[in-house]
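With these hints in hand, go ahead and build the complete structure from the sequences.
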Amino acid sequence: DDDSSSSSFGAVMGSKKLKAVAIRGEDSRPTVANPERLRELTRYIHKLKPDGARDFFHFRQPSPEMIPPAEKTKLLRCYGCVSGCNRITYEAADGEKGKFYCQAANFYARRALPYYGGWSDVPFQATRLCNKYGLNTGIIAPIIEWLLRCYKAGILTDENTGIPISKLGSIEFMETLIRKVSFREGFGDVLAQGIHKAADSMGSKAKELLTDYICKTGQTANYGPRIYITTGLLYAMEPWRPIAQLHQISKQVIKWKVRVNGLED
Numbered sequence: 030d031d032d033s034s035s036s037s038f039g040a041v042m043g044s045k046k047l048k049a050v051a052i053r054g055e056d057s058r059p060t061v062a063n064p065e066r067l068r069e070l071t072r073y074i075h076k077l078k079p080d081g082a083r084d085f086f087h088f089r090q091p092s093p094e095m096i097p098p099a100e101k102t103k104l105l106r107c108y109g110c111v112s113g114c115n116r117i118t119y120e121a122a123d124g125e126k127g128k129f130y131c132q133a134a135n136f137y138a139r140r141a142l143p144y145y146g147g148w149s150d151v152p153f154q155a156t157r158l159c160n161k162y163g164l165n166t167g168i169i170a171p172i173i174e175w176l177l178r179c180y181k182a183g184i185l186t187d188e189n190t191g192i193p194i195s196k197l198g199s200i201e202f203m204e205t206l207i208r209k210v211s212f213r214e215g216f217g218d219v220l221a222q223g224i225h226k227a228a229d230s231m232g233s234k235a236k237e238l239l240t241d242y243i244c245k246t247g248q249t250a251n252y253g254p255r256i257y258i259t260t261g262l263l264y265a266m267e268p269w270r271p272i273a274q275l276h277q278i279s280k281q282v283i284k285w286k287v288r289v290n291g292l293e294d
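Residue numbers for the sequence shown, in my numbering: 30 to 294.
Worth flagging that the hints you see were computed from the coordinates, not collected in a lab.
Treat the hints loosely; a few may be bogus.
Straight-line alpha carbon distances no greater than 20 Å define the calculated SDA-like cross-link-like pairs of lysine to any residue that follow [said to hold, decoys possible]:
#, residue 1, residue 2
1, Lys126, Tyr144
2, Lys226, Asp241
3, Lys103, Ile117
4, Lys128, Leu177
5, Lys226, Leu185
6, Lys101, Ile200
7, Lys46, Cys131
8, Lys181, Ala235
9, Lys280, Pro254
10, Lys103, Ala121
11, Lys128, Tyr144
12, Lys280, Met42
13, Lys280, Tyr264
14, Lys234, Thr186
15, Lys226, Ile243
16, Lys181, Cys110
17, Lys280, Asn290
18, Lys234, Leu185
19, Lys245, Trp269
20, Lys161, Gly43
21, Lys161, Glu201
22, Lys103, Tyr130
23, Lys226, Thr186
24, Lys101, Asn135
25, Lys46, Ala221
26, Lys181, Asn165
27, Lys245, Glu214
28, Lys101, Thr118
29, Lys236, Lys280
30, Lys209, Asn165
31, Lys126, Ala49
32, Lys101, Glu120
33, Lys126, Leu104
34, Lys161, Tyr145
35, Lys234, Ile224
Beta-carbon label-pair distances, calculated as ranges [as the list claims (entries may be wrong)]:
#, residue 1, residue 2, range
36, Leu70, Arg178, 47 to 57 Å
37, Pro193, Glu69, 56 to 66 Å
38, Tyr145, Ser57, 41 to 51 Å
39, Thr118, Gly215, 32 to 42 Å
40, Glu69, Glu201, 53 to 63 Å
Even glycine gets a Cβ: it sits at the ideal position worked out from N, Cα and C.
The following block contains the structure:
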């Protein structure tokens, strides 16, 4: 359940017609040289950060509607993790279960919530669609934003794309978009080349609709140096958005913002 499409990894596997790599190993753990010392270290680290998942969701109090219903989720921390995060398992009404985590869990929620008038299984279904087709949600999310902007500007329509942009937020929109991009059907072939090339093919007005939120990799610039000056070199020199390093500053700023807004415990 830990598929990876980042850094074009999904595209490389897809070009080789490779869906997964299965590794078989012995069901055993390495011997610990000093078990008591290891237990002491584990207890100490637990005290440093006792509830990472609670802390993370607490940051999001200004948008509680973005938090999935508790009865549909349970914590899914990685084995041996002494920190914890917002990694959870989500169970849909049809019984399908899967990892529901961070950006991949929420990239379509802000579209689906207003469309359906509240929480539904659609954000999870959208995430699973990308997972099954090996697409990076970090790339699909800005494509969706660009499609919507072009639709509002009259550049793109349901008819000239074959994609129901007018139903953006629905599961029908996602199913059509993901299928067309994955199989390069119609306008999906244009989108599959990347958002910058897609915009180039649609003219100067379409290109202008990218400038305020997209970086050179085709991902959103929401960690960029215009917001966090310390990330400037990362954006300038890394071939891909190094999210682990970017989170080192963004999470601290979120904590500060929560405190300033008086939302701390």
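Checklist entry - Which numbered hints turn out to be false for this structure? => result Hints 1, 4, 7, 11, 12, 16, 26, 27, 29 and 34 not satisfied by this model.
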